[in-house]
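Visitor: Top to bottom, those sequences are chains A and B.
Sequential numbering of the first sequence, starting at 1, is according to our numbering.
Sequential numbering of the second sequence, starting at 324, is according to our numbering.
Don't take every hint at face value.
What the hints assert, rightly or not - In silico lysine to any residue, SDA-like type, Cα no more than 20 Å apart, as pairs:
(1) K500/B <-> K125/A
(2) K500/B <-> S279/A
(3) K125/A <-> G477/B
(4) K638/B <-> H444/B
Hint data in this document are derived by calculation from the structure and do not stem from the laboratory.
There are 2 protein chains.
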Amino acid sequence: MSCRIGMDVGGTNVVTGLFDSEGRLLRRSKVRTIKLSSCELIQQLAGQCKEILAAEGVRESELEAVGIGLPGFIQSESGVVSSANLPFNDVPVATRLQQLLGVPVAVENDVKMVVYGEYLHGAGKGYSHVLGLTIGTGMASAWVSDGRLHEGAGGLAGEIGHISFPDISYMCGCGMKGCLETVASTAGIARQARDGLKAGWVGLLAERFPPEIRDELTSHDVWQAYLDGDAFAGQVFQRTANWLSRVLVPSIALLSPDVIIVGGGVAAAGDIFFDSLRSYVSASLHPLYRERLRIVPPSLGDDGGLYGSAEFALKSRKIGLRI
Amino acid sequence: MSCRIGMDVGGTNVVTGLFDSEGRLLRRSKVRTIKLSSCELIQQLAGQCKEILAAEGVRESELEAVGIGLPGFIQSESGVVSSANLPFNDVPVATRLQQLLGVPVAVENDVKMVVYGEYLHGAGKGYSHVLGLTIGTGMASAWVSDGRLHEGAGGLAGEIGHISFPDISYMCGCGMKGCLETVASTAGIARQARDGLKAGWVGLLAERFPPEIRDELTSHDVWQAYLDGDAFAGQVFQRTANWLSRVLVPSIALLSPDVIIVGGGVAAAGDIFFDSLRSYVSASLHPLYRERLRIVPPSLGDDGGLYGSAEFALKSRKIGLRI
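One chain only, chain A, in its complex shape:
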């Protein structure tokens, strides 16, 4: 039996999925990765692959390919990675891991891998043109059309979180001022709420977070306050949906996707976010687009990136990329 592995590498955890030749998920495992060096992390990734094969009783010779999704900028031709959240700075992750495992390894941006997985097996299954976005710790997009994951010039397609707007005043970690990601992200949700409280919001959030502990407020606290009935907390999610619609509306007119999949920690807020997003987007689009508009959450939960990277590895291997 031939098999492949998909890995979702984050700043805190590595999740590994073993798939059979039909693309069925046989087994998944999860380990913590914090405070490892570049070498240690690559060793750990190789170790995870070997462990999951052993646990499932699969010989290493049956492994066809490994795919890895991780946050950061990936030079797609070479698999060289630079990431703010991982110990990789111009590290040829694909080549190193390939040497350790003896099989082709493909490395791609994690958001692209999640969206590719959703396109193949999740909320995008059966559609030709799928636009996916993640709005969580950061914000990025991926575009799959007629089976092709779009890379763009320099592999730079999808960094929609770093569009700057003149009416956003926050500094971004990327060095620019007013990036969309500074408001439309989990940190952005918390930031909007803290600034609202400073400006005099009253209600549950204000009671729960007096000035002396205000800096501890997280996006989850805003969501909890919304669930408990705080009107201002609800407005934060509505406003965030409005920010996102500024990018989504031009994207829909430009590309006419069959479906738009929005995932990540902010989208996990559910109806308050999705209903607002659909409403803002509809209001700005021609009826022809409005009628066919589908804005949905992902359907593979946390496994989208595993499915996507495992399949992407196989596809890259077949067309001779990254080997």
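Given the coordinates of chain A, assemble chain B onto it according to the supplied hints.
Guide: Positioned in the frame of chain A, the structure of chain B alone reads:
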């Protein structure tokens, strides 16, 4: 010698181009089309094809395919056309013309054909990812990536002129309020200038267009006033570039094009428009995009649509579309 024909069908003229098997333009002709019925226009298109073959001394049996670019909404699978500027309302233009000519006929939106032509032989030649926009009578876009002209779900990709913004107050011909096209188009240029004059602008435009003839003012007059030194006229083009940047910036982050080709009557204003556009776009993008940003005018003049539609016809024929 096998040959193909590309046609650019507008509300006023039909331009026809005859190409040899190497894609070289052998001959072009132009006729007026106004006030023809649907049947008459289709007859005229067939007649134009036969005439240009005869004029070049090419036998009709050597004609391989005909491609047509025209303004309007085209159901790309069937070649059925609905157009506000032509006498076509759900007319199967491709099928009818095919019956008259006995060769495969492909029909597509004119902006898509211009951009496809520029991708193959013009300002987009040699690039993998080409975004093209026309900002003239109307406003639309087309996206060519890895040789594929993107259609989108329902063939609806590219109607960026009909994105509505809350701070645009004009009604659009499409029935919506605040469409981008109401300000970013030749009519939009004239509209902005007329409203500026009403609001008290002074200078050349005000002298040339006193209230009693203000309605006669065209985008060309605004451009002429700018060339003659009118500051307000220059601002109209700058503001229009700013409107366009609202769509262009998200598009660049989403897709990372190698090059962006902006054509049409407004873009013909030249430096005042392009310099402003590059400046607004740069200010809102991450340096990674900024460094590789190329926003250029078309290089095929009025022939982009001929090149594009002739090649598109051949490609559609080969892959079995529309025949």
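Visitor: So, for every hint listed, does it hold in this structure?
Guide: Going through the hints against the structure:
1. K500/B <-> K125/A: The hint is violated at about 35 Å.
2. K500/B <-> S279/A: 16 Å, holds
3. K125/A <-> G477/B: 17 Å, holds
4. K638/B <-> H444/B: 15 Å, holds
Consistency with the previously given hints fails for number 1 only.
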